[in-house]
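K.L.:
Work out the full structure, taking the sequences as your base and the hints as a guide.
Those sequence lines, one after another, are chains A and B. Just so we're aligned, residue 2 is where the first sequence starts under the numbering used here, counting upward by one. Just so we're aligned, residue 1084 is where the second sequence starts under the numbering used here, counting upward by one.
Read the hints as simulated data drawn from the structure, not as lab findings. Just to be clear, a hint being listed does not mean it is correct.
With a Cα cut of at most 20 Å, we get these calculated SDA-like pairs of lysine to any residue [said to hold, decoys possible]:
(1) Lys-70(A) to Ala-1144(B)
(2) Lys-36(A) to Asp-1277(B)
(3) Lys-1265(B) to Lys-177(A)
(4) Lys-174(A) to His-195(A)
(5) Lys-177(A) to Leu-124(A)
(6) Lys-177(A) to His-130(A)
(7) Lys-133(A) to His-73(A)
(8) Lys-70(A) to Asp-1277(B)
(9) Lys-1265(B) to Arg-24(A)
(10) Lys-36(A) to Thr-1270(B)
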Amino acid sequence: MEQEAVHDLVAAYALDALDDSERREFEEHLATCEKCREELEGLRDAAAALAYVPEGPAPPPALRDRVLKQVHDEKASNVVALRRRVALPAVATVAVVAAAAAIVLAIWASSLSSSLDTKNAALAVLSNHASKRMPLGTASEVVVAPDGRAVVVSALSPAPSGKTYELWVLDGKSVKPAGLFVQGKEGEPVVLVHRVPRGAQVGLSLERSGGRSDHPTTIVGVSPPL
Amino acid sequence: MSVNLRVLRGGARRPRDYSDFPDEALLALAAREDEEALAQLYDRYSRLAYGLALRIVRDQALAEDAVQDAFMTVWRTAASFRADRAKPTTWILTLVHRRAVDVVRREERRRAAPLVEGMEVPEERALAADEEIALTDRRRLVQEALRQLPDEQREALELAYYGGLTQSELADRLSVPLGTIKSRMFTGLRRLRDLLAEAGLDEPLLDL
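P.N.:
Take a look at the structure:
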């Protein structure tokens, strides 16, 4: 689509009149177009004003109870806090907080290291209320879904030149490498390539890039047993 | 936007009284996992949110789902709200609208049946008189601005916003080229924005 045509979608976007693929395309454009982000602000306000027109009944009291109960439950599960911290690109967030979040989305979306499947897998684990969250060293956390799929979120500094972070699943005497990553706090959540069985631990180590080791060498952190 | 939040405030029955807190402050508190702050935002905007969702999805259960999803998104992503980028009301209503549109498209029930009049739903709480007046005023002003738009532009905005139609569906339904629809929405929404600003309604809520 030529550039002018993309700009023209800003009103349709503000009105939610784009289909899914058009919406994605425009959000990618938004991440790079300050002009459209500015225009969107004003047009969104105008679109939201339309919300005042319909007259209807008040929502049933039970709805308030349900919302507040879910809020309470999610707070207890603590997964939400994690979601916030890693700035997951919830589409709605991106839509509104275009400047910061859309850029996160664009980076996330264009990142060669993660397919859509990986993203969905990470989101599935992080948004599962039954997922368990455990510290992994001082600057990372591992979140494990009930089925054992696990995601690591990290506030680590990027690995030093020539080094890489490596994840491990430690289950009794078994030590399995479970994925490499270089970026810490600027990076996206890392999905472990192996599931984490009950009772197992997750390890994080610093390894030489390109090297192959059967065991962690410089250990950065080990989670408590699941 | 200053402290203009008396319009839809909740009652003063809370242990912590957030009724005079600005929306921005409530969002900041919600980002810090303050459930009362979320409750206050719900009390302020659930009626608007539900009215909007019901108009779009035309089904009470689906409207409730959309409102619940939207407020959960507020709760989960409050930390990402940027006051320099959006007004809180716009943000919340945008989330509600997006959810409702997604729901109606998913369910493919849109516009199938007219909204049943006189649905009996118990009121959670009566709006205070000043809140009711502020809502009614605002509704009238937006309607007035809509009336000043050329018919074709108003029709495009209304079908898109309340009908949940995509621009391509709109073009089909109205038998006009897609480019025409795009330009009607674009020109119409810009004009609406300017008209609302002229009417002093560029803030989402009236200052009292």
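K.L.:
Among the hints numbered above, which are violated by the structure, and what are their numbers in rising order?
P.N.:
Numbers 3, 5, 6 and 8, in rising order.
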